[in-house]
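Enquirer: Sequence:
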Amino acid sequence: MKFALSTNWSNTRLDDGAAIADEAGELGFDSLELGFRTRSSQLPGFKSRLDVMPVESVHAYCPAPVSAPSGHPELYRLCSSNENERAMARMLLEKTFSCAADLGAKTIVFHAGYASMDTLFGNLFTTARKLRVKRGRKVYDAFRRGFDILRPSLETKGLVLALENLPSLEGFPNVFEAEELMREFDGAPLRLWFDTGHALVCETNGWGAESVHMAAKLAPWIRGMHLNDVKGPSDDHGEPGWGNVDYAGLTFLAKRDVLRVFEPSSSVLADDLRNSLEYIRNMWNGCRHRADGVQESAFDHKEELT
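First residue of the sequence shown? That's 152 in the numbering used here, and the numbers climb one at a time after it.
Think of the hints as simulated: they come from the structure by calculation, not from any bench. Treat the hints with care, as some may be off.
As the list claims (entries may be wrong) - Lysine-lysine pairs mimicking DSS-like chemistry, simulated, CA-CA at most 25 Å apart:
1. Lys368 x Lys257
2. Lys246 x Lys406
3. Lys153 x Lys257
4. Lys308 x Lys368
5. Lys198 x Lys289
6. Lys308 x Lys198
7. Lys368 x Lys153
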């Protein structure tokens, strides 16, 4: 089972793409995901290491626009009601597509955006959920129009756009919208991306389905996973095994034909990340299924990472 590392972990610490790739290899990773903090100046270094450290996926927007103070996945929203913002999102996505194609990556990880809810916390939660459903329809339609424009470029370059689940009630698409999109665009270069930490944040706050259930429901369309961990209600991006994500319960997804990308915060220490990779690799390689289909594992209880 192979694992990639998001360059977001080291993009701001190391200037040279080759050094970032070499460090990932030394930690035990098999490939890279170019994160949204990647700078244009780092691309030649990544390209020089493709024979030993391939790039499997690219997180939009990449490279980070020089006009922005720093890279961010939601600089512009493809599902915005504002046409100028949608146009900027399409322009930056096209640049991301070109970057991915140049490096041999086949998957674009993308934050589609949010169903804007300015008065969300001024309402009762039940009212807020109804408002989310209503506004989600407009966001869905805006995204559909944007994707239709981008689709020929994706198909020409042999790329797949993978929509990531986001850590909020407003995040688009939610589990219902994601399933509807996948059925509507069956056969199109559009898939889903499952972020373990984001899913648990939504579950913990009552904004979405139980994480493992969500993954099972959407598994046929999931292109890859971001592996990170959380404690409590916030999106901490700790190393897997540090928090409360049920990684044993997600073994069924990890064993599918998906990309498995560690996406820890830049504050995670190298030794902790190395131990985390070993922990997850051993867990998922050690899990098996009984004859009755129930999963069991030698790692039913998390061990302390040292």
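Enquirer: Next step is simple, just say for each hint if it's right about the structure.
Expert: To see whether the hints hold, each was checked on the structure:
no. : hint            : verdict
1   : Lys368 x Lys257 : holds (24 Å)
2   : Lys246 x Lys406 : violated (32 Å)
3   : Lys153 x Lys257 : holds (16 Å)
4   : Lys308 x Lys368 : violated (29 Å)
5   : Lys198 x Lys289 : violated (40 Å)
6   : Lys308 x Lys198 : holds (18 Å)
7   : Lys368 x Lys153 : holds (24 Å)
Checked against the numbered hints given earlier, this structure breaks hints 2, 4 and 5; the rest are met.
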